[in-house]
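**Student:** Sequence:
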Amino acid sequence: MDIEIRDDIIRLGQLLKLAGLVDDGSDVKDLLSDDAVSVDGEVETRRGRQVPVGAVVEIDLPQGVRTLLVVRQR
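Under the numbering used here, the first residue of the sequence shown is numbered 1, with each subsequent residue one higher.
Do not take every clue at face value.
[Said to hold, decoys possible] Capping the alpha-carbon separation at 25 Å, the derived lysine to aspartate or glutamate pairs in DMTMM-like fashion look like this: (1) K17 / D7; (2) K17 / D30; (3) K17 / D40; (4) K29 / D7; (5) K17 / E42; (6) K17 / D27.
Keep in mind that the hints were calculated from the coordinates and are not lab data.
All chains should be modelled from the sequences, with the hints used to inform the complete structure.
**Tutor:** Following this line, the structure appears as structure tokens:
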């Protein structure tokens, strides 16, 4: 799924909220502490991680893996 952002980067926690995969910061923390999120193939545990345009973020959810591509807003 493409996630459009206005700037060149977005923080990982904000990206997960924008994608509708979490409701709040505590949900983000839970995903990250379970090593369920990777950015460009590397497991990420920091919700403040800056994710640039072009990055691929994978989230391992109970319903299956979701893949996000960060793109520039048109």
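**Student:** Indicate, hint by hint, whether the structure satisfies it.
**Tutor:** Evaluation of the provided hints:
| no. | hint | in the structure |
| --- | --- | --- |
| 1 | K17 / D7 | 16 Å, holds |
| 2 | K17 / D30 | 13 Å, holds |
| 3 | K17 / D40 | 19 Å, holds |
| 4 | K29 / D7 | 24 Å, holds |
| 5 | K17 / E42 | 20 Å, holds |
| 6 | K17 / D27 | 9 Å, holds |
When held up to the earlier numbered hints, the structure conflicts with none and fits them all.
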